[in-house]
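Single-letter residue listing:
Number of protein chains: 2
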Amino acid sequence: MKVKEVADLVGISVRTLHHYDEIGLLIPDDTTGSGYRVYSDENLETLQQILFFRELGFPLKKIKEIIHNPSFDRQEALEIQHKMLLEKKNRLNKMIRTLEKTIQYSKGEIKMSNKEKFEGFDFSQNPYEQEAREKWGDKAVDEANEKVKSMSDFEQQKFNEIYRKLATLRHLPADSKEAQEGIKEWYLFLNKIGNYSPEAFKGLGQMYVNDERFTKNIDRFGEGLSKFMCEAMSIYADNQK
Amino acid sequence: MKVKEVADLVGISVRTLHHYDEIGLLIPDDTTGSGYRVYSDENLETLQQILFFRELGFPLKKIKEIIHNPSFDRQEALEIQHKMLLEKKNRLNKMIRTLEKTIQYSKGEIKMSNKEKFEGFDFSQNPYEQEAREKWGDKAVDEANEKVKSMSDFEQQKFNEIYRKLATLRHLPADSKEAQEGIKEWYLFLNKIGNYSPEAFKGLGQMYVNDERFTKNIDRFGEGLSKFMCEAMSIYADNQK
DNA sequence: CTTGACTCTCACGGTACGTTATAGTTTATA
DNA sequence: TATAAACTATAACGTACCGTGAGAGTCAAG
Chain V
17 MKVKEVADLV GISVRTLHHY DEIGLLIPDD TTGSGYRVYS DENLETLQQI LFFRELGFPL
77 KKIKEIIHNP SFDRQEALEI QHKMLLEKKN RLNKMIRTLE KTIQYSKGEI KMSNKEKFEG
137 FDFSQNPYEQ EAREKWGDKA VDEANEKVKS MSDFEQQKFN EIYRKLATLR HLPADSKEAQ
197 EGIKEWYLFL NKIGNYSPEA FKGLGQMYVN DERFTKNIDR FGEGLSKFMC EAMSIYADNQ
257 K
Chain H
17 MKVKEVADLV GISVRTLHHY DEIGLLIPDD TTGSGYRVYS DENLETLQQI LFFRELGFPL
77 KKIKEIIHNP SFDRQEALEI QHKMLLEKKN RLNKMIRTLE KTIQYSKGEI KMSNKEKFEG
137 FDFSQNPYEQ EAREKWGDKA VDEANEKVKS MSDFEQQKFN EIYRKLATLR HLPADSKEAQ
197 EGIKEWYLFL NKIGNYSPEA FKGLGQMYVN DERFTKNIDR FGEGLSKFMC EAMSIYADNQ
257 K
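Each protein sequence line maps, in turn, to chains V and H. Numbering-wise, the first sequence is residues 17 to 257 according to this note's numbering. Numbering-wise, the second sequence is residues 17 to 257 according to this note's numbering.
With a Cα cut of at most 30 Å, we get these calculated BS3-like pairs of lysine-lysine:
hint: 1; chain 1: H; residue 1: Lys127; chain 2: V; residue 2: Lys99
hint: 2; chain 1: H; residue 1: Lys80; chain 2: V; residue 2: Lys110
hint: 3; chain 1: V; residue 1: Lys18; chain 2: H; residue 2: Lys117
hint: 4; chain 1: H; residue 1: Lys117; chain 2: V; residue 2: Lys232
hint: 5; chain 1: V; residue 1: Lys77; chain 2: H; residue 2: Lys105
hint: 6; chain 1: V; residue 1: Lys133; chain 2: H; residue 2: Lys99
hint: 7; chain 1: H; residue 1: Lys131; chain 2: V; residue 2: Lys77
The set of hints was computed from the structure by calculation and includes no laboratory data.
Construct the complete structure from the given sequences, taking the supplied hints into account.
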């Protein structure tokens, strides 16, 4: 499905989908030769997850952390979201009652205390927020995410950018000029925020295919990207010696 | 009631109340000698109105237009809001059903079409939005608001600023030096966006007390401001001849 | 008369997109 | 088969609604 189809189906804007792609929240599984985004059924299910979280007031950054965490449990998430939505419904009902009372009040039929006038508004009083915080709170992240989180926003941005760029190259041979140029950028970037010898760089590339937490995270940007990067990084490292 | 009391009562932040004051959406009826905001019961009811609109997704700018419109009918607003909240409840229920189906679906118990996966999300499908648009749409504004709307954002901003400044002076004698300086600023500002002779300026001041739509709109910034301005403008105009 | 809770006004920062602008691509129609 | 209409892309700036200090003044309690 192309971008507008998706947008119309779920009732959001094309821009929103672009935005979610930009920030790495929802990257379409495929693109046409001319660069059009093509969303798979799996993409749609991820989008549904995102929208449930969004409805519950989670910031996009948090949603990204949660659903891309290797230990993310979809079933469990759905259960908690269910509880939270029911709670939201309760608050909405309270608010409706408040509004109904206010109508009577404004006709002079009943009296209302100041407190009563605002029942149902207290947005932060969801008892399941606690459960959500325990599950998805700031501490519940794995090592990989720790690293990402410790990066500055600029670095995060750059990080995404490079991955997306590399994803467009992933079908080229790993030793092609363009691929190697992309990998070089990646190497230079990594050495701005850390310290990687060519060997370490090569080793990192190995992890991309050996550790499935990495594989999954990287292949979000394009299927087979991790393998491509592993190969290209190995070649690049060898040429640096 | 002072600002934190209100914030705690309704479950919003102090900053939010400051913001609403800044943009002229909810200006406290009174201030203490030291400049502390003091909210009246009427302020609280306006705030309640604001929050109902906000819950329904109205932008603050729109809310401001609506509730400060001289022809604003509180009763009617409450009725429409009631319908819209019930509709929102319906959507929420749909969404909960969708979530429940998704739980079964993710367990492989049932099948789900792509369309079904997003039922309840289509935020813009509120049948009462139409009614709201007719009531409070962009065309349904009176003369006074037409003028305000035709101003640039910068001018709007400046407009508010001057009114708020004048409001702090309103208990001084209209012929005092400070009052006259404030009014001068007002005169100069008006002549940047239009063309006002001293006579026209004086006439405008008269309207502030004679036309209750003006009176109401101006006194939002402080009780008695319209009368004060009328007097001060008259004096200023006479001194210009 | 000091401490702590509260208040004020700047003023910069941040999220989640909206909104052009410009240009390439695909599909429908003449 | 040309050409318009509809859709797509990136880029870059704009906007709404506050959050978050900083720095300074105010007020009730001990």
